[in-house]
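Asker: Sequences are here, hints too, so could you generate the full structure?
The sequence shown begins at 6 in this note's numbering and counts up one residue at a time.
The set of hints was computed from the structure by calculation and includes no laboratory data.
The C-beta atom is built at its ideal place from N, Cα and C for all residues, glycine as well.
Incorrect hints may appear among the rest.
Unchecked claim - Estimated spans, in silico, between C-beta atoms of each pair:
(1) Asp92 x Gly161: 24 to 34 Å
(2) Glu230 x Glu111: 26 to 36 Å
(3) Glu230 x Val205: 18 to 28 Å
(4) Asp223 x Val128: 40 to 50 Å
(5) Thr131 x Val69: 15 to 25 Å
(6) Asp191 x Arg228: 37 to 47 Å
(7) Asp92 x Ala160: 25 to 35 Å
(8) Pro143 x Arg163: 15 to 25 Å
(9) Arg228 x Thr13: 36 to 46 Å
(10) Ala108 x Ala160: 18 to 28 Å
(11) Thr232 x Val128: 16 to 26 Å
(12) His219 x Gly62: 17 to 27 Å
(13) Pro224 x Val96: 22 to 32 Å
(14) Glu230 x Arg163: 38 to 48 Å
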Amino acid sequence: MISTNLTTDAVTQFAVLDALLAGAYESGITVAEVRDRGDFGIGCCEHLGGEVIILDGAVYECTVDAPPARMADDDILPFVDVCPSRDVPGVDVVDADLPALTAAIESELVSRNLFHAVRVDGVVATLRIRVTRRQQHPYRPLADVTRDQVETELAGIRGTLVGFWAPSIYQGITVAGLHLHFLADDRSVGGHVLEATIGVGQLRVVAYPRFHLHLPTDPHFLRTELTHDDDHRIVTVEGGAR
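Answerer: Written out as structure tokens, the structure reads:
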């Protein structure tokens, strides 16, 4: 029997995580192009100047100096995962920290070999998120950028966790396991999730059997040979959300 949580759509990704780790993020894809490929996803702002949430067709940037704001169609994203959202039955999640939430998500997976979109709507009892600062040329590797990231701790805030669960074989291409961003319902705050405890929420997980990867073609990316030798770097920069 085929799961009702399995769609025939694709997750589309621009660039690879190892390129960010190598400091190769000069170019990107426009918001307009991203919206052509889906209405749900996560990414980062141009020059790593913040975190991006794509929710219900709107693309929001979370930066260090302003509340989340909708991005213009010609804004650039150097890294993004996006897909068409699908309405599937939700699962109640109560008093779940990040390990418990991860376990709940993994219990809903159609297969550990497929990409899954993850959405949690509700009240987050405790939350720690980060936003990175915009970089200038020459661009620093992501691990260096996150050393001076801006972190925010919140409690009792209503909002949505948006992200993906990816198979382990794609580590370095993207973040293997769970990668989440958060956006408050009142659009007052958002960012990359480091730690979270769900008070009361509705979890939805959708499986995608297709993965479309688009690579940059700017000179910096083309001359930077990417390797995946130091897996611990990803664990470090992603924090708890994995």
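Asker: Please go over all the hints and tell whether each is borne out by the structure.
Answerer: Each hint, compared with the structure:
{"no.": "1", "hint": "Asp92 x Gly161: 24 to 34 Å", "result": "holds, 27 Å"}
{"no.": "2", "hint": "Glu230 x Glu111: 26 to 36 Å", "result": "holds, 34 Å"}
{"no.": "3", "hint": "Glu230 x Val205: 18 to 28 Å", "result": "violated, 48 Å"}
{"no.": "4", "hint": "Asp223 x Val128: 40 to 50 Å", "result": "holds, 42 Å"}
{"no.": "5", "hint": "Thr131 x Val69: 15 to 25 Å", "result": "holds, 21 Å"}
{"no.": "6", "hint": "Asp191 x Arg228: 37 to 47 Å", "result": "holds, 44 Å"}
{"no.": "7", "hint": "Asp92 x Ala160: 25 to 35 Å", "result": "holds, 30 Å"}
{"no.": "8", "hint": "Pro143 x Arg163: 15 to 25 Å", "result": "violated, 41 Å"}
{"no.": "9", "hint": "Arg228 x Thr13: 36 to 46 Å", "result": "holds, 38 Å"}
{"no.": "10", "hint": "Ala108 x Ala160: 18 to 28 Å", "result": "holds, 23 Å"}
{"no.": "11", "hint": "Thr232 x Val128: 16 to 26 Å", "result": "violated, 42 Å"}
{"no.": "12", "hint": "His219 x Gly62: 17 to 27 Å", "result": "holds, 20 Å"}
{"no.": "13", "hint": "Pro224 x Val96: 22 to 32 Å", "result": "violated, 47 Å"}
{"no.": "14", "hint": "Glu230 x Arg163: 38 to 48 Å", "result": "holds, 45 Å"}
Hints 3, 8, 11 and 13, counting from the list given before, are not met by this structure.
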